[in-house]
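Chemist: Sequence:
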Amino acid sequence: MEPAGEGITLYWSLVSQPSRSVKALLLAGDVPHKEEQKGEEYAKINPRQLVPFIKDGDFGLGESNAILKYIADSQASVPEHYWPKELKERYRVDQFLEYYQFHFRPALLSPLRTRIGQKFAKMDIPQDVLDFQEQNKKTALDTLERLLHQYEGDFLASNQISIGDFQIYFELTNLILLKETWETYPAITAWYNKVSENEHVKKINEQWSAATSALIPVLNN
1 MEPAGEGITL YWSLVSQPSR SVKALLLAGD VPHKEEQKGE EYAKINPRQL
51 VPFIKDGDFG LGESNAILKY IADSQASVPE HYWPKELKER YRVDQFLEYY
101 QFHFRPALLS PLRTRIGQKF AKMDIPQDVL DFQEQNKKTA LDTLERLLHQ
151 YEGDFLASNQ ISIGDFQIYF ELTNLILLKE TWETYPAITA WYNKVSENEH
201 VKKINEQWSA ATSALIPVLN N
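Numbering (UniProt numbering), first residue to last: 1 to 221.
This list has only true hints and no planted wrong ones.
DEER-style ranges, computed between Cβ atoms: (1) E206 <-> F132: 32 to 38 Å; (2) E134 <-> S196: 22 to 28 Å; (3) G60 <-> Y91: 24 to 30 Å; (4) P32 <-> E206: 19 to 25 Å; (5) G60 <-> V15: 21 to 27 Å; (6) E152 <-> T189: 15 to 21 Å; (7) K44 <-> T184: 45 to 51 Å; (8) I125 <-> D30: 41 to 47 Å.
Keep in mind the hints are simulated off the structure, nothing from the lab.
For clarity, every value in this text was computed on a predicted model and none was experimentally measured.
Built from N, CA and C at the ideal position, the CB exists for glycine as well.
Could you build all of it, start to finish, from the sequences and the hints given here?
Modeler: So, in structure tokens, the structure goes:
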């Protein structure tokens, strides 16, 4: 499949976890692209006004899982292991994308959004809601620990990193903002450290850490 234009425009934000996944894949494939932030005209481009979003010529696409697949399919420079061509290997990755979207991301994002609401909007959150979110987060981590034993290899779906790893990895970093840890989960810890070695992930993490360092004490005082 040929790309629709000469280069991709990425609308993104460092604080957006799925935006970081898309940026990491573009870097991994050395894909020519330019970065844009949301502006007054963004609603005309993307009615949902969320990031990430890409433009490739006249073609626009939202939703991070769809964007990642499009980039992997349309850009020949992206290494195949990020979204394999072989059917069974590809669907292994896809199952983790589904798990990320419908289970892991909601469970890891809700506590962060709640903390932000408490600190910046002085929201009064009922204790039963906090307890429910805490249990969901624990369930998500327990499940990820088990999933990491499902297939052989250092990563979620195989012995090579994939877009599924990117998505779940960057969502897990929500816990850093909450000054929480996953050290009691040995498989998650080993996997996280392995993904962190990826040069593109490392580059994005450095930028993200610099951008969020002042936020952590505010969220946790």
